[in-house]
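Enquirer: Listed in order, the protein sequences are those of chains B and U. In this text, residue positions in the first sequence follow this note's numbering: the first is 37, and each later residue adds one. In this text, residue positions in the second sequence follow this note's numbering: the first is 38, and each later residue adds one.
Hint data in this document are derived by calculation from the structure and do not stem from the laboratory. Just to be clear, a hint being listed does not mean it is correct.
Which residues of chain B face chain U? A partial, calculated answer using Cβ under 10 Å [said to hold, decoys possible]:
| id | residue |
| --- | --- |
| 1 | A276 |
| 2 | G291 |
| 3 | S319 |
| 4 | V333 |
| 5 | T391 |
| 6 | V393 |
| 7 | N400 |
| 8 | P402 |
| 9 | N458 |
| 10 | M482 |
| 11 | E486 |
Below, in silico cross-link-like pairs of lysine-lysine (DSSO-like), each with a Cα-Cα straight-line distance of 27 Å or less [to be verified]:
| id | chain 1 | residue 1 | chain 2 | residue 2 |
| --- | --- | --- | --- | --- |
| 12 | B | K489 | U | K1050 |
| 13 | U | K1058 | B | K463 |
| 14 | B | K322 | U | K378 |
| 15 | U | K406 | U | K378 |
| 16 | U | K1073 | B | K489 |
| 17 | U | K114 | B | K371 |
We put the CB at the ideal spot given by N, CA and C, even for glycine.
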Amino acid sequence: MKKVTYRNQISKVLGISLVVFLLSSISLFAQDEVAAVEAAATEDTSGGDAAKGKALFNQNCAACHAMDRKMTGPALRNVEARLAEDEGLDREWLYAWIKNSPGMIKSGDSYAVKTYAEYNQAAMTAFPTLSNGDIDNILAYTAAPPPTPAVATAVAGDVASSNASGGISNEIILGALVLIFGLLVMMLFLVNKTLRRIAEANGVAVVKEDAEKRTPIWKAFAKNQFLVLCTVIFLLLGSAYFAYGWMMQVGVDQGYAPIQPIHYSHKIHAGTNKIECKYCHSSARKSKHSGIPSLNVCMNCHKSIYEYTGTEGEAPSQEDLANGYTNEFYTGEIKKLYAAVGWDEENQKYTGDTTPVEWVRIHNLPDFAYFNHSQHVEVGQIECQTCHGPVEEMEIMYQYSPLTMGWCINCHRETNVKVEGNEYYAKIHEELSKKYGVETLTAAQMGGLECGKCHY
Amino acid sequence: MASNKKYWKSEAELNPNDSIVEALRQNEFVEDIPVDEFLGDKETLESTNTNRRDFLKYVGFSTAAASLAACEGPVIKSIPYVVAPENIVPGVANYYATTIANGFDFASILIKTREGRPIKVENNKEAKVGGGANARVQASVLSLYDSTRLQGPKSGAGEDVSWAVIDAAVKSKLNSGKQIALLTQTYASPSTSRLIEEFKAANANVNHVTYDAISEEAALTAFESKYGERALADYDFENADIIVSFGADFLGDWQGGGYDSGYSKGRVPKNGKMSKHVQFEANMSLTGANADKRVPLTAQFQKVALAYLYAKLNGTSAGGEIPADAQKVLDSLIAQIRKNKSGAVVVSGIDDINVQTIVLAINEMLGSKAFDSKAPRYTRQGNVKAVQSLIADMNAGKVGTLIIDGVNPMYSLPNAAEFKTGIENVDLSVNFSTNWNETSAVSTYAAASNHYLESWGDAQIKKGHYSLMQPTIKELFDTRQFHTSVLKWMGSDKSYYDYIKETWSTFVLNGSDFNKAIHDGVFVAGSGAMMAVSEIADPVMMAASSDKEEVDEMVDEAQMMSPSISISSAVRSLANATGADGMELTLYSKVGMGDGQQANNPWLQEFPDPITRVCWDNYVTVSKADAETLGVINENVANGGLDGSYVNLTVNGVTVNNVPVIIQPGQAKGTVGLSFGYGKKEGMKSEMQTGVNAFALYQDFSTIQSVSIAKAEGNHEFACVQLHKTMMGRGDIIKETTLEIFNTKDHAEWNHVPQVSLNHQEVPATSVDLWDSFDRSIGHHFNMSIDLNACTGCGACVIACHAENNVPVVGKQEVRKSRDMHWLRIDRYYSSEESFDADNTKKDDFDGLSGDNGSLGGFGELEDPSANPQVAFQPVMCQHCNHAPCETVCPVAATSHSRQGQNHMAYNRCVGTRYCANNCPYKVRRFNWFLYNNNDEFDFHMNNDLGKMVVNPDVNVRSRGVIEKCSMCIQKTQKSILDAKRDGRPVADDEFQTACSSACSNGAIVFGDINDKESEVAELKESDRMYHLLESVGTKPNVFYHVKVRNTTEA
């Protein structure tokens, strides 16, 4: 009976794998199609190279313009066609505008003034360095048909399939293993039972008699007092060891990775985009707190980064997708930021309606321990990663170090003080190195193990 | 057989049928144990069905539940700003310059804010005038977070109303024909003067009356009649060589206070010179305690003595007799003054226009360098006659609207009852105050006013010295300051900030930058352009004062006559001054409480009075001789507390009952003293309702009254932190010498290092060492220098330490049990003989146990302070011994020494054995007997969210069961070091500060690194006057003192 199920299970697994393979191959074809469409689009322009235009656009325009939505400036998809149709303006007007928009406004060009007024009188930077050819390229890029719909379906397919495959890889295999283990136990039990039944049928009952005659092993054990004593001592020592181990981890939250109100990925920010830690955690340079960045710091970039598009070929990876970290998911998190900071995307304005984000604090030092970030980061020039671990790889931030006193002390014993080029240390370094006869000094030698340095 | 022997406890047991015996045998206890009483009433006990087993189940379950719940760590939320203010970095303090001008205290200060919360008051070192914050100003930051503050406007009945209601009510009354009276504190503010002038111009019949709770009427009037401006002469005691004071507590609150830092500078012997200070007074005041020569004298004799002094200096003669000893001192003084006329200065605190006129005349006559009548102070403007006529107007129904700001007349007026009937006749009364008080209760509306740390404002403390008040936090509650309200009532849409800016750029700044003035907090009219500037600015002040006169013209008739009072007649009237029948009462204000505005401030309540060392009370001070006559006593009871008798004081038919008595050494015979500021009831927490209200006795606004005293029943329990009053001739605690010896003899003589015997040789105790010394010559080595000559005992450091280090307030009952938590105390010692020197001699001359010079009786005598003792103050905090006795006895190594010289205390390591406290020879360690935070048993400020906002985030809040003590502000030294490291530079000398050293505007406490040979403290350590406390113990402290030198030079 059981074996039959087992066989079915295998066929199911095989079946699902097949489906997955097929699906993923379909999506591969789909992506190929998209590429073909894009390639076609680039060729289909009047005297401009859309690929070059894309690069120029990202370099010069993307900070204030998007293709399909209003940002600081208007949406630019098909801008040339739109202007020609609505306003009757030609490419020459665009050349003039891009190269010297303030001049156009000053000269009183009606559409220029109108646009200027519409976008909160935010003047567009003049780009005199762009040649007409460059502008042609950009316009070609803006005129290219959007590749989005095809990509969207492809991605959707991708998601579905990868979800399925991820599921198989972990849960089903584990489940199967548990099942196999269970079956083995059951089989053992059955075999035993059958054997006994056979023995019974044969009229053999040797086992029981045997047991009655001999002294049971536990009785023998109990009678041997030395053995008992040894065992008791061993047990006590063992339990003391484990009790101590258990007690010492009380209050140590290494690996603590709470769910945050906004899924902020350090991996994307610090890893993929290589944003310097102290760009956001700026107070680590001058304060005892590293500081959770205020939302206006987020908005420095996220005013223009309104959606997550991932990096081609890298992110979101299969693993990310398996965890549900899709582009839409991340974009949704950016929307949460907008809601919190009160950013009206439609009108590119702050509404003033804010809801501060209640982050869950991960690194909690007890109140009686004083720790100063600037001392370590700025004076000691210690990498953030030394204590916080590979943050740039953390999708979800967790506590990397134990943050125990022993951990602090060890580091103070081993780490040399960065005395070079710091006038403060000049005198004390000279004197202390003479006293200890060493060239480099550890924090401990500078008095970094004294109680009062951290506890007051 | 023996075991069958029967013992009888009572004869009754012989009768086996006795029922009582039987009953007693059955019962375990003779009497019923009142189980029901402590378990609740019997009926409910019986009706409940919780039996013992259930109870155990509940206990078991709740213990298990509690331990399970404790397993999971709490989730801590961090909420960053949505839009971070540009200049706030979490964890980094910002400092803002502002000014306190609450009508009693005027000072330019810096406010330390953390994450937008003001947490500490610091001195504004850039201010030349009023840059020192006294204890009350230091404590004022806690009043901002007073949980009993008014959180919004209320009606007199205590119901919440909106500002619109009050505005509408006031506006409807404007121009109604009846008088609109503004009864306010002294502002000394150019902008306020201008504002009130404009308010007067816009509305008919406005009467502005300035009222000081503790009046300086006599001094103001005398100055006005002599110099034509209602102000107070300024004194710079630094320039004075001879200071003669007749009852002027100028180190306290005399004429607005703030004179101590100049005084202290003149008290430190430099080039063999220091000022000489002679004090004639009735109460033992802080100033008298610091004097070189103090003569206890009743106010009557003070007047005669002043007349005598004037006459002698003038070459004439005056009548009147003074006691012989005073006469002797006075004669010697006169001889000295004659030699150095311009170096002398005479001041007086007697509320008598004749006295004040003569004081001005003497200083003018001497051409005193310390006397400044050209640029006077404006910190008191109150006009008693105007106040009295306002009350009369109110009672006559002439006043339609009464706006009160910054004063509490129902509490502080001697004729409060009259004021009450008056205010009932006023159509509309609005009382601006931060707290609900006695006056709020009788007003139509209680307008919730801003704390000064939430307000804009300005002040001209001294002519030409301006300071600005800026808010350091947004209004915590729905409050509004008086000025904003007046602007609103005038229909102006200007903010008071704009108004100040306008005033300043028009009248004050003379082209200087307003933003720079705000940044600095102070602005001094440039020395070249000073006269011109003050002339421009003056019309503002002048207009205010002249207008005041107009209003008060009728009542001022008598006052206007005063210039015609000739000096000679003043002298005559003083010389003929007659004594009071009965006792003479001198009312005074304590440095810890002032006029009682901050009576709800637990730091100030627990601040021990520098002289009596009593906190949480006011009391009547009586001389020992009078105490014996009255039959009143002070006694120390078994639990270490001080108890005192009660008396009833009656002045002119007004009686204050049950005033506790303190027997005060140095109190002039025939006089008693009582301090203002206590006895407030309305709107106060019950713990803070301490003492009796002395304002009831402040009749005719005179601090000197004739009083009759009757002993009352009962004993008062004091909370006194120092029971032992004398030093018993132990000269190594406070070393004292005279200027003459100091100048002529070797320091080994007057600053003797104690000797110990080593190998049968007498060697200095400092040279003997039980331990191997640690080499501290590398890195920083912190030392603190305390100059006993510069320390006046004012106690600003005590409060500063409280604020900086989150020292808990423990309450009166705990202080009484000697459980006060002050990390820094100021010990006060009296001499038993006339001087400390005489004590030492007496002790040294003891010969044998009994007999005339026997030590048995002699030590007993030494315990009693003299009738007029010498007084010495000594701030004592942890001495941070290099060979600390506390460190060697700690079983868990919770206290240990650092290479920087600080004695560390790891609270989290402490298990509370208190061995360290026992082994500390200086008794500076404090034990947390209770959890003082988050504990409603200690309802002060650490049990509510508002009060906790004052807590310094860089310092632990200690829990129950641990020892705490002065850390030498390690959080501050560490910060200075870190700042230097970050900038990559050595630490500058003045960067190392402790809370006490930066609070000490007198320069008595200097802190620094002695390994920096250039530092001030290193230089001070080399001084001949340097000594360590209890040097013979060999603890090698890092705190050192400077021998007190008294200028007893005779003519």
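Enquirer: For each hint given before, does the structure comply? Return the numbers of the non-compliant ones in rising order.
Expert: 1, 2, 14
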